[in-house]
Amino acid sequence: MSTGPLVKWSPLNRIPVTEGLIGGLVVALVAAPMGCFILWRRMVFFGAAVSHSGLLGVALGLALGINVTAGVVLTAAAVAVILVIMRGDKRLEDDAILGVVAHGALALGLVALTLLEGPGGAVHSGHDHDLETLLFGDIASITRTDLVWIIGGGGAGLVVMAAIWKSLLAMTVHEEMAIVEGVPVPVISIVFMLTMAVVVGVGMMVVGTLLIVSLLIIPAAAARRLTTGPEAMAAIAAVIGIASVLGGLQAHITWGFPAGPSVVVVAVLVFGLTFGVRVRRNLS
Amino acid sequence: MPVLPRVTLAMQSGIPQLVLRAENLSLILGSKHILSGVDLAVASGESVTLVGPNGAGKTILLRVLMGLVVPTFGVVTRRPGLRVGYLPQTLVPDPILPMDVRRFVGIGSDASQSRRSEALNDVGIENLSRRPVHELSGGEMRRAMLARALLRDPEILVLDEPVQGVDFAGQMELYERIAKAKADQGCAVLMVSHDLNLVMAATDRVICLNHHVCCQGTPESVRGHAEYQALFGNDVESLAVYTHHHDHVHGTSGKVVPFEPDPRD
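As given, the protein sequences belong to chains U and P, one line each in that order. Numbered per the working numbering, the first sequence spans residues 1 to 284. Numbered per the working numbering, the second sequence spans residues 1 to 265.
It is worth saying that the hints were derived from the structure and are not from the lab. Here the structure is a predicted model, which means the values were calculated and not measured. Among the hints, a few may not be true.
Unchecked claim - Taking lysine to any residue pairs in the SDA-like style, the calculated list, with each CA pair at most 25 Å apart, reads: (1) U:K166 with P:S31; (2) U:K90 with P:E220; (3) P:K182 with U:K90; (4) U:K166 with P:Q89; (5) U:K90 with P:S31; (6) P:K182 with P:E220.
What the hints assert, rightly or not - Quick partial rundown of chain U residues pointing at chain P, CB under 8 Å, derived from the structure: (7) E132; (8) V185; (9) S189; (10) T227; (11) G229.
Just so it is clear, CB atoms sit at the ideal spot from N, CA and C, and this is done for glycine as well.
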């Protein structure tokens with residue numbers, strides 16, 4: 001994977017405009033507003049549980065002979081619905097249920113994939129579904145068909161987020177107030193979760209099932225420390241997400257670091273820097 | 001001697017147009033009868049206050065009326081498409097959501113920046129417009145919540161303890177602002193309060209609730225009611241002081257002349 005020794009690096013090393021780059025930018029863009037709501041609505045573990053069902057979705061897609069991304073989106077949506085139903089159980093805290101479902105879905109996905117592939121074998125259906133790619137993504141392997149999915153799913157996600165933005169914000173401020181004032185809260189909740197499933201499905205191709213949650217949450221968390229309004233937070237999160245994708249790809253090309261984790265590392269670095277900003281403000 | 005209009009135009013015309021009606025509401029939780037046989041209607045432009053001791057079921061009745069709680073028996077009907085401005089009993093903003101006061105008051109409406117400033121000015125917190133909403137004190141938050149609800153141009157303003165945490169002068173100010181909304185925008189007001197004094201001065205009709213409707217009518221008629229006095233005996237004296245300017249007029253001889261009674265009584 002490595003493209004050359006360290007000394008070759010210079011800011012002039014351009015990141016080639018590939019399907020991977022465009023896909024990564026689209027995912028970063030749609031992850032920003034979604035990630036903000038995941039933070040505001042305290043759904044980080046929920047998002048993680050839904051993302052962890054990605055492997056199971058791949059297995060489902062392969063078993064049914066349908067598009068793998070469609071399999072991921074369907075499974076993620078199903079897991080989201082199951083979680084909402086299970087939250088009614090008062091005997092277990094939400095975080096316990098989320099822990100069971102997240103890790104259960106991940107383990108089940110691993111077993112199901114092995115069953116499909118046969119012991120040790122890799123399934124080739126126009127796409128290399130080796131485990132590392134599924135877990136951590138592979139920007140370099142994104143094909144033109146994948147990109148169509150990413151742009152379609154990501155674009156739809158952005159349109160939906162814009163459409164439900166006001167209602168979702170009102171619900172976040174006070175859910176009962178929103179209900180009384182005529183916001184169709186159950187419908188908006190379901191639309192939001194289905195959109196999350198779509199974003200997880202397309203984001204998985206870029207950063208993998210384990211890291212998509214990072215791309216949702218870390219740019220938004222970094223943006224929180226820099227902003228005073230909800231819309232500004234989403235916009236800054238998008239900028240940070242895009243910068244992370246560019247930075248991660250640069251690291252991948254220059255040093256041969258794995259692309260998905262590099263994207264997340266850059267996002268974490270930006271998050272760390274925002275602490276510096278806040279500390280300086282407090283001191284001055 | 002000018003007589004303050006206590007009866008809204010809609011009601012004076014004889015056929016009040018209802019915005020909200022509840023018939024025979026009962027709510028049973030476990031073996032507890034929280035509400036039994038409550039009938040209640042709010043006419044367009046009318047202000048109604050629910051009073052009652054702690055635990056009388058005032059807040060839960062409001063929640064049933066707003067569709068947040070399903071009653072065991074009974075029906076709630078609203079005017080179709082009714083625009084509600086709602087002040088919940090508590091709203092604690094979460095600091096993870098960055099939002100200043102002027103953004104907060106725009107939640108639930110498309111009010112322009114200048115209308116928002118005006119609304120904040122009306123409730124006396126225009127100086128806090130850029131303050132993060134989670135830094136507001138309890139009383140400041142109540143004001144911001146009222147401004148927000150009014151910016152929706154509501155047909156009915158629903159308030160659960162609207163002046164909780166507000167200092168005494170501020171309470172009068174906020175009740176005046178609510179009365180102004182009623183007068184200017186013609187919106188109905190449905191309020192829960194256990195503060196009898198100020199509230200009753202600013203309301204057309206009082207419903208005294210203690211799981212069932214004990215009595216209802218104008219503040220004056222309710223105050224004379226035996227069941228009301230049984231519940232609020234100690235407050236009756238102070239009440240007369242605070243409502244002095246509104247609850248009666250003085251005849252030429254200086255004799256106290258009561259207002260015309262509500263036509264529905």
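Each hint, compared with the structure:
Our distance criterion of 25 Å between C-alpha atoms is broken by K166 (chain U) and S31 (chain P), whose separation comes to about 41 Å. For the given pair, K90 (chain U) sits about 47 Å from E220 (chain P) by alpha-carbon distance, which is inconsistent with the 25 Å threshold. As the CA atoms of K182 (chain P) and K90 (chain U) are separated by approximately 43 Å, the hinted pair breaks the 25 Å bound. Distance restraint check for K166 (chain U) and Q89 (chain P): the Cα-Cα separation of roughly 22 Å lies within the 25 Å cut-off, and the hinted pair is therefore satisfied.
Restraint check for K90 (chain U) and S31 (chain P): satisfied, since their Cα atoms lie roughly 21 Å apart, inside the 25 Å limit. Between K182 (chain P) and E220 (chain P) the alpha-carbon distance is near 20 Å, which keeps this suggested pair within the 25 Å criterion. Interface hint at E132 (chain U): violated, since its Cβ lies 34 Å from the closest Cβ of chain P, which is beyond the 8 Å cut-off. Using the Cβ-Cβ criterion of 8 Å, the hint placing V185 (chain U) at the interface with chain P is not satisfied: the shortest such distance is roughly 11 Å.
With a cut of 8 Å, the hint placing S189 (chain U) at the interface with chain P is violated, because the nearest CB-to-CB distance is about 16 Å. With a cut of 8 Å, the hint placing T227 (chain U) at the interface with chain P holds, because the nearest CB-to-CB distance is about 5 Å. Nearest Cβ of chain P to the Cβ of G229 (chain U): about 6 Å, under the 8 Å cut. The hint holds.
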